[in-house]
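Trainee: For the record, the sequence lines run as chains A, B, C and D.
By the numbering used here, the letter at position 42 of the first sequence is numbered 42, and the numbering carries on one by one without gaps.
By the numbering used here, the letter at position 263 of the second sequence is numbered 263, and the numbering carries on one by one without gaps.
By the numbering used here, the letter at position 218 of the third sequence is numbered 218, and the numbering carries on one by one without gaps.
By the numbering used here, the letter at position 110 of the fourth sequence is numbered 110, and the numbering carries on one by one without gaps.
Just so you know, these hints were derived from the structure itself, not from any lab.
Be aware that one or more of the hints could be misleading.
[As the list claims (entries may be wrong)] In silico EDC-like cross-links for lysine to aspartate or glutamate, where the CA-CA straight-line distance does not exceed 16 angstroms:
id	chain 1	residue 1	chain 2	residue 2
1	A	K11	A	D33
2	D	K9	C	E122
3	C	K18	D	D172
4	A	K143	A	D171
[Claimed, not checked] Selected chain A positions facing chain D (in silico; Cβ < 8 angstroms):
id	residue
5	A36
6	F37
7	H136
8	E267
9	T268
10	Y295
Ideal Cβ positions, reconstructed from N, Cα and C, are used throughout, including at glycine.
There are 4 protein chains.
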Amino acid sequence: MHSNEIQNKLKNPIRHAKITSNMSVDQLVREFDGCAFGAGRLAEAVDIYCEMLTENTTKFFGLAGAMVPAGMRSIVADLIRDGYIDVLVTTGANMVHDIVESLELHHYKGTDVTNDVELKNEEINRIYDVFLPEHHFTNFEEKMQLILGKLSKDTISIRELLTYIGKRLEDDNSILKSAADMEVPVYCPAIQDSIIGLQAWLYKESNPINVDAFADMHEFIDICFEAEKAGAMLIGGGVPKNYIFQSMLVTPGEFDYAIQLTMDTPETGGLSGATLDEARSWGKVGETARSVTVYGDATITLPIIVAAMRSRLNY
Amino acid sequence: MHSNEIQNKLKNPIRHAKITSNMSVDQLVREFDGCAFGAGRLAEAVDIYCEMLTENTTKFFGLAGAMVPAGMRSIVADLIRDGYIDVLVTTGANMVHDIVESLELHHYKGTDVTNDVELKNEEINRIYDVFLPEHHFTNFEEKMQLILGKLSKDTISIRELLTYIGKRLEDDNSILKSAADMEVPVYCPAIQDSIIGLQAWLYKESNPINVDAFADMHEFIDICFEAEKAGAMLIGGGVPKNYIFQSMLVTPGEFDYAIQLTMDTPETGGLSGATLDEARSWGKVGETARSVTVYGDATITLPIIVAAMRSRLNY
Amino acid sequence: MHSNEIQNKLKNPIRHAKITSNMSVDQLVREFDGCAFGAGRLAEAVDIYCEMLTENTTKFFGLAGAMVPAGMRSIVADLIRDGYIDVLVTTGANMVHDIVESLELHHYKGTDVTNDVELKNEEINRIYDVFLPEHHFTNFEEKMQLILGKLSKDTISIRELLTYIGKRLEDDNSILKSAADMEVPVYCPAIQDSIIGLQAWLYKESNPINVDAFADMHEFIDICFEAEKAGAMLIGGGVPKNYIFQSMLVTPGEFDYAIQLTMDTPETGGLSGATLDEARSWGKVGETARSVTVYGDATITLPIIVAAMRSRLNY
Amino acid sequence: MHSNEIQNKLKNPIRHAKITSNMSVDQLVREFDGCAFGAGRLAEAVDIYCEMLTENTTKFFGLAGAMVPAGMRSIVADLIRDGYIDVLVTTGANMVHDIVESLELHHYKGTDVTNDVELKNEEINRIYDVFLPEHHFTNFEEKMQLILGKLSKDTISIRELLTYIGKRLEDDNSILKSAADMEVPVYCPAIQDSIIGLQAWLYKESNPINVDAFADMHEFIDICFEAEKAGAMLIGGGVPKNYIFQSMLVTPGEFDYAIQLTMDTPETGGLSGATLDEARSWGKVGETARSVTVYGDATITLPIIVAAMRSRLNY
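Same shape as in the complex, but just chain A (with noise of 0.2 angstroms):
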């Protein structure tokens, strides 16, 4: 920076924040934006997701972890439903607990403070401090094996699989639903590495069905070359974070506006971590864009994104 630069932000003195009762989600992040460290980069958040809304945008969203088991599946199905999506990447487990979920059997809030023998025992598989009956997977599986055995055709896309599959599902809740309905295209890039991939394989096992890893690209691509603006929204790192990144690389646009919430630092130099600033380095961010990385568990941080967002956008 430069001298005056530098000076320059001596004109922005910390407003401590005042916290009030029943004050609202949006009024709370309105005092975040005086403060700094997490508070100051959550309201920045905030301000850069309400200008890539409402700004023409194409609007990415990565969902990694474990979102849905933890209870953030409305969300995203929400602003599926409400046009905040216009492309989905995401792992093949979220999209298993959300199939799960549609299917009217639910996780549980059990504890991370167990004996992991004891819950296998009792048929209880843990993810963190939620539980998940073995036996849902039974049902899981009837379900996908219904499913696949109407597949029309032997060869499609992850992408295709994916929408036959939410348009196979009878809750509106659902975040596959959400897409199918909406035409909001979900990839998955690894959707092998998931209990899908297990169910294709077991499908596999007697029936034709082929589904070609790279078919998707050419769809993926045209989106991002056809981005008047683009804008990313990344819950977690992983497979999500990189492929909506790496696009951009072999086309001559770059991201306008992303956000991360993440709990993953810099500093051990994998992807997920990588700051947004790295991003530009490559070209997959630009170097005018608008970013933020919010430190954080993203069960807490994206509701209140969304929160603020909904009543700044009043919808």
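Since the structure of chain A is already known, use the hints to place chains B, C and D on it.
Mentor: Same frame as chain A, but now just chains B, C and D:
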């Protein structure tokens, strides 16, 4: 856990959070109540905090980290003024920055992506993304030397010194002044490890002053002895956490409530990241005490907890 | 634990590590054996790894993170060549950087304290403190298009594609070539999530190629079925960790040995940071399996473990 | 960076580490020298540490965390005895556990996966995976009351008190005794925040004792003033880090060398995780000083650095 305890957990399905426009912070936290991971822990922290504040509890508040520079000063001062803190244990740094602000000298919202040698040349000290002009410390020095010069006795305790300073500040938003006004004792075991310490050194070069490091322990431990119930809200770890907890080693009691807001995890074995369960093995936290750790940036989680608590306690 | 189990722990006093000049890595690890926290876990990892390698174990190796750019390529290639890896599951990125190096194109030691827009203008891509000239990808493209162009069949699996590429590299330090030479299968479930994916897209624009995402699962699960004992060395989390573990959900077996080297902690509930105990509730890791997580930068911990293992196994 | 600085980085290709049987720790670190991420930083730390120890440097050592319970006591004691530490700043807890060990009372290797209420019933205190029988503190109390009872003067400084205690221990592996023997001053700004503090309180209930909190600052700052060059090896953050650095605010000098071994990252803004660059803006670390932060568990990284240093300095 016994088998029936495990099976009982299967009575509480995860409820997926619904986010609406203009929802209040308390409503958001009530949505978190059905969620897992950080969201679930945050909701539990609000429950515990409200119970702790409404029971006949002696309320300890541990304040580590750079919370004052980040904009959290008023939150703490208001908690004191409203009777939600009975005993404050903090770091010297937070008190230094509180005094600086009380002199109408600001901290500024800078950036963490910068060249620190340039900052030094501009005489700006950096605290992550907070900028603090070096010359503020000149005013701080004047004030401190003036205050120290009027001490009527040579030998005092750290708590007495902080009360004495608090009384001489003229800013109702000050943590130290709020504590002095409300007769809330402020303990700061490592006071020499701060710029207050450097000022005391400067003063001591030509004036007699003796601040007895162990003088506060008698009254601090008496407070613990006399507590009907004891509750601890811990912001960060460090000295405040340990000092609050260790007193219970020499009293028959234990903490009945404990909440910690931290980014430190247990794996490196330090006390800052130690679980509240570990504290049970020492008898610091009671066997049946309610406790929860919220992992995340306290500049985000503390304001949320305080906002929800204020809504619930109508204040 | 039962009372006697607890009391039994009091038979193993902490032995304070003694450090001497010229001590070997193995001697250091033996000193760690008497220590706690990370040092103790690292010593345990070496014990488990040596047992896993000397028993009749099918040895899975999960490689996430940016280990190749960081300089860990030869370690993995040598483990393959020496028979210490039977099955490799990795990310596309690690394979991209392995191929780049095999073209005698280097990664460079840069810095993480930099201006990424300047880097972009210099056509340098940054991976934390590693610099990679953008034009290396031009050579990579030529090589990849050449290789893809010689594919004799249109429909292959990801594993077949990686073997095919590995055979066409001329660098014995290459992970892919070592795997091809040693007939070690390399699985990469998210291959399209990498620059290999972008090259496949480019090729596919004008040539027929169909890489079946689920084609590898049959042989992968067969390996799991046939394993007398199974062991997993997991570098980072991500897709490799989940893919290796999930296969055990459809086989009667479980992992008998599991080691993970990671910086991810369990608190946010994602699979990367999930404990190996959590994996027991799912039946991925066996009830009586030996397992340990070493929290720390794998560029430090993996070489230590390998050096100590090589000393103990005399190889 | 200027363009030529950036381009200059492209002269140092990453060298992929080669691991051999029976290699020494120093050889391993030399392999790390060509690597990036944590491995590269660790190699740089060894370089800086060796230069710092061979130049005419006043050598500060900051010891936070629970390093003594974890088995790191002899490493620190030996560094003192061999002249590699001139000034030690530490926490009360590390000194408590050092004294406990000097009474031939052990810490034990337990487990972090346990029920802390059961441990409490067995009268065992837990420090992550270290178990400490509660009755050790009875012996500790006897020893401390005996030592305090023989104090010849009522008013002493913390450093004097620790020297006094050190002289009365009969264990050459003790940090406190080694420091007393070698006339290395030990500073412990938050001494009352430890069980030594509780013992002082107990003693003070019926005996006069006055430990002046600010008494040590004169001599500590004098050491800083007189240092030709100054170097800091910081294990963890906390009070020791800040206390070592802040002294430079009132002296004309700055640290010429600084190494920190920590798991704390900068993102939450606390001093423990603050970068060493941030310290440059304050003038704590010099503009041209050599500094590096190694992110990782110090029970692993400290022994490696010490082993490599001892090999290089032939001692």
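Trainee: Starting from the hint list further up, note which numbers the structure goes against and sort them upward.
Mentor: 7
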